[in-house]
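Enquirer: All chains, please: the whole structure from these sequences, using the hints.
Sequence lines, in order, name chains B and L.
Position 8, counted from 1, in the first sequence is what this note's numbering calls 8; the numbers after and before it change by one each time, with no gaps.
Position 212, counted from 1, in the second sequence is what this note's numbering calls 1212; the numbers after and before it change by one each time, with no gaps.
Everything labelled a hint here was simulated from the structure, so no lab data went into it.
Just to be clear, a hint being listed does not mean it is correct.
What the hints assert, rightly or not - Pairs of lysine-lysine residues, derived as DSBU-like cross-links and limited to a Cα-Cα distance of at most 30 Å, are as follows:
(1) L:K1017 with L:K1112
(2) L:K1246 with L:K1078
(3) B:K355 with L:K1112
(4) L:K1070 with B:K342
(5) B:K355 with B:K331
(6) L:K1255 with B:K355
(7) L:K1016 with L:K1078
(8) L:K1017 with L:K1069
(9) B:K342 with L:K1016
Since the structure is predicted, the reported quantities are computational estimates derived from the model, not experimental observations.
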Amino acid sequence: MSETQHFRKHGKSWEEIVAHCRVLVLDLDFPAVRAWKQQTGGKAVGCFPVYTPQELIAAAGGLPVTLYGGRGLLEIDHADSRIQSFVCSIARSTLELGLANHLDWMDGFVVPSICDVARNLSGVWQRNFPGQFVFYLHLPQNVDSASSLVYYRGELERFRARLAELTGRAVSDQALQSAIRTYNRNRELLAELYRRRTVQPEQWPASHIYALAGVGNVLPREEHNQLLEAALALGESRPRPKRDWVRVALRGMFCEQPPLELLEVLEEAGCAVVDDDAQIGARFFLEPVADNGDPLTALAEAYLHQTVLTPVNNPGQRSRSEDLLGRCREKWIQGVVFASAKFCEPALYDAVRLKRAVEHAGLPTLEFEYEEKMTVFESVRMQAETFVESVLFFS
Amino acid sequence: MSSSYQYQDVGRDLQKKMLGDWYRRLENAPRDGTPVAYLFISGNIGELLRSFGFELLYPEVNALQCGIKKVAGDLILKAEDLGYSSDVCGYVKNDIGLATSGNRGPFGTLPKPDLLVCNYSGCNTYIKWFEALAEHYDAPVFLLDVPYRRTGETQRQEDLDYVVAQLEQLARVCAEMTGKPYDPDALSAQLENSRAAEDLWVRILESAQHRPAPFDAFFEAVFFMAPIYVLRGTRECVDYYEAAWKEIEERMAHKLGPVSEERFRVVIEGPPPWPNFRNFWELFKRWGVCCVASTYSKVGGIWDFGLRHDPRRPMESLAEYAVNCYTNWDWTLRRHMLERYVSDYAADALVIHSVKSCRAFSVGQADVREHFTRSRDLPTLFLESDLADPRYFSEAQIRNRIDAFFEALEHRRVAAVRPVA
Ligand code: SF4
Ligand code: SF4
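Expert: Right, here's the structure in full:
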C-alpha cells in the first residue's frame, strides 16, 4: 500500500501528512525516487525547475523529478571549482548534488533555456557526466510569432523521440493525452490548495502548502494527486486562530527556492502570503492543457500562450505589471514582497520595474534577497515586521 | 612608429575615425529624419535593417565606450540608485544610467530608438535590457528568437528555418514602419560587402599563426573588429579591412608584432576589463605575451571556421550567422574552439578572464579551466574582474597572479630544455 493510500485509509492527521511531505521535499538522497525506481524499474529524469513539459517524460514511462538544488543542506565543495561564486546557488548546488553522488539514480537531465546560467550549466553537465542523457530544451521567446508554435512543436517532437530512446517506450498520442489529464488534475488540485489559502490564510500556512505542493516534484503525479486529495479533505478539520495579517504577494522564487524558514518568518511577522511564485514550474498554466487533438500542439500552445508570467518567459503583448496588479486586485493584496535569489539576474531585473509599478499603484513593497544557504533570518524578520506595521497602522 | 612604415596604425586610427563618423550620423539622425534601430552585437542582422534605411545603434558598444572613457562607474551607480542590484550586468546598468541622463555620453548625444530589435543570441539579459528600454522610450520591441546552438549536432535546419521565418516577419515590420518594401537586392548587395570583409578579417585573425604574431588577437582585435560588427555590409567596412590587411602584411614583412619580443603565445577566453583596458594589457606586455587567438573576437560572429554571409541566400545566411556567435554556442562547441585555437596557433597557455557581469560568457569558464589543466595539461591562468564595473578590478591582485603565472611558465620552459644529468 502506498503511503498516500495509507493516509486515506487511516486518516493520518494533517500535521503528519505535512511533516512526511517536508521530509521528502528536503531529502537530498531522493528516497521516494529511489523507491519508485526499485518498484518499477523505470527511468528517472531530472528537470531543471522551470518549463520542462514533464507530461512527455511521464508518458514515456519515466519519472520526472524537479531538481531544486541543495536546499541549503549541502556544502558546495566540488562545484566550486566548476562554477564561480557570483552565480546563483541553485546552479552550483545542483551540480554539487551530481558531483557528490546524490543523483546516482538519475538517468537523464533536462535543462530548459531558463536563463544564461541554466543554458551554460547544460554544457558543464555534459562534460562532468559524459554519456548521460542531457536534453537542452529551447522555449521560444518570440511568443507572438506563428513560427514559434511550429518550432516549439518540433522541439517537443525531438524531445519525445529522444525520451523514447531513453526509456525504450514510444510515446503514443494517447499516452500523452492521458498524462496531460493527470497533470491537469494535479494543477487543478494545486490551484485549489492555493485558492483555499487565499480565502483563509491562517488555515493554510505557506510552508505547509509548500511541502504539500513540493512533494509532487519527487512523486509520480497520480500519487501526488491522491495525496493532495487527502490533504484537501483533512485541511480544515483543525481550525487555527485568525490573526491580524497583511495579505501579500511574493515574487522572485520561480527558480531557486528559499529556505522554508523564510516563508515561516514572513508569516510569523504577519505577512499572509496569498500569492507566490515558488515552485511555479508545477503550476505554470492559466488554463488546463487541451487533452484532445494533437497533444504536442496542445502543449506547445500552452507553453507559448497560457502561462503565468515569470521573469524568464516573455510576456509578448501581455504586461508584466498589469498582470501582477491584476492579481493583487483579485486577491485583495495589500503589499508585494520582492524576494530574489541572490545573483538571479532575471528576478533582479524584473523586481526593479515591478516594484516601481506596484508603488505607483499605491501598494507598499518590501524587497530583499535570499540564499539557499541562509540561516539567519533576523534582518528579514525585522524588515517584514516593520513593513506589516506600516501597512496595518499607517496606510 | 617609424616613418619608413607606410601602413602602421591604420587599423586603429581608421576605425576610430569611422566610429566617430557613425556616431555623428546617429547624433544627426533625428534632424535628418533617419529612423534608428537599437540592436545587439551578437547575431546582429544589421544588414537587413540597413536595407530599410535604419541607422543602427548598439547599446553594448556605447557601454564599452563608456568603460574605456572611464565614465561607466558613475553611470552604473546611477542605475543602482534606481534599484538595479550590484549583481546584474554592468552593461545594462551603464546603459540605463545613460538613458536616464539624456543619453549623453562621451560619443555625443544619442537618438531615441524607433525600433528595438532584440536579436537574442546567447544572452537572456538582452531581453530584460530591451524590456527596460521599451518602457523607458515607449518604443516597440521585435524579439528575434535565436535558438542556442547545441552540442554534438550539426547545424540544425529547423533552427535556421525558425530564424528565417522571424526575419521575414521582421522585414514586414520594417516595411510597415519605413514605408519601404523589402528589397532583396539591396540586402544582397550588403551581404556581398559583408562576405568580402569577413574574408579579410579571417585573414587578419589567422595571421597570428605566424611567429612572431603580427597582431594581438585580443588586445588589438578589439579595435580591428569594431567595423565588422557595427558597419558590416557597407563598402567602407570592406575598404577598412583592405587597409588593415596592408598593415598586417607590412608587419609580417618586417617581423613586427605587438610586443617587442614575443616570449609567450596565449589564447584568451572572455571579454576585456574595459575600464582598465590599458593597464590590463600592460601587465601582459611586460612578460612578452602575445594573444594569438581569442574568443571575445568571435562574439559578433564566427567566420574562421568557414561561415560567411551569402548574397545568394540572404535570409538563410543571416540566420546561420545569428545562430553562430560565440556565446550562442554551447560549452562543448566552445571547448572545441579553444582546443583548436591552442593547437592551430601553437599557444603556450590559456588565459581566462572571467567577468562577473556576463554570465553568458562566464558560467562554465571555471569548468573549462578544469578541463584544460586536468585533461589537457595546459597551463591555464584564471583571472576575475568585470567588463564594465571598475569596482571589480583589483590591479595588485591581478598583477600578482599574472606575474606568478608567467614566472612559473618560464621556469617550466627552462626546466624543459635543461639536459637531464
Ligand atoms: S533563473 Fe535565476 S535562479 Fe534560475 S538558474 Fe537562472 S539565475 Fe539561477
Ligand atoms: S550579460 Fe554579457 S552578453 Fe549579455 S548584455 Fe551583459 S555583457 Fe552583454
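Enquirer: Each hint: holds or not?
Expert: These are the hints, each one checked on the structure:
The hinted pair formed by L:K1017 and L:K1112 meets the criterion: a straight-line CA distance of about 23 Å does not exceed 30 Å. The hinted pair formed by L:K1246 and L:K1078 fails the criterion: a straight-line CA distance of about 44 Å is larger than 30 Å. This hinted pair checks out: B:K355 and L:K1112 have alpha carbons roughly 25 Å apart, not beyond 30 Å. A threshold of 30 Å between alpha carbons decides the hint, and for L:K1070 with B:K342 the separation of about 28 Å falls inside it, so the pair holds.
Restraint check for B:K355 and B:K331: satisfied, since their Cα atoms lie roughly 18 Å apart, inside the 30 Å limit. Under the criterion of a C-alpha separation no larger than 30 Å, the hint pairing L:K1255 with B:K355 is inconsistent with the structure, at around 59 Å. Between the alpha carbons of L:K1016 and L:K1078 the distance comes to roughly 28 Å, so the proposed pair stays at or under 30 Å and holds. Of the supplied pair hints, the one linking L:K1017 and L:K1069 holds, its CA atoms being roughly 16 Å apart against a limit of 30 Å.
This hinted pair does not check out: B:K342 and L:K1016 have alpha carbons roughly 40 Å apart, beyond 30 Å.
In this structure, the hints that do not hold are numbers 2, 6, 9, in rising order.
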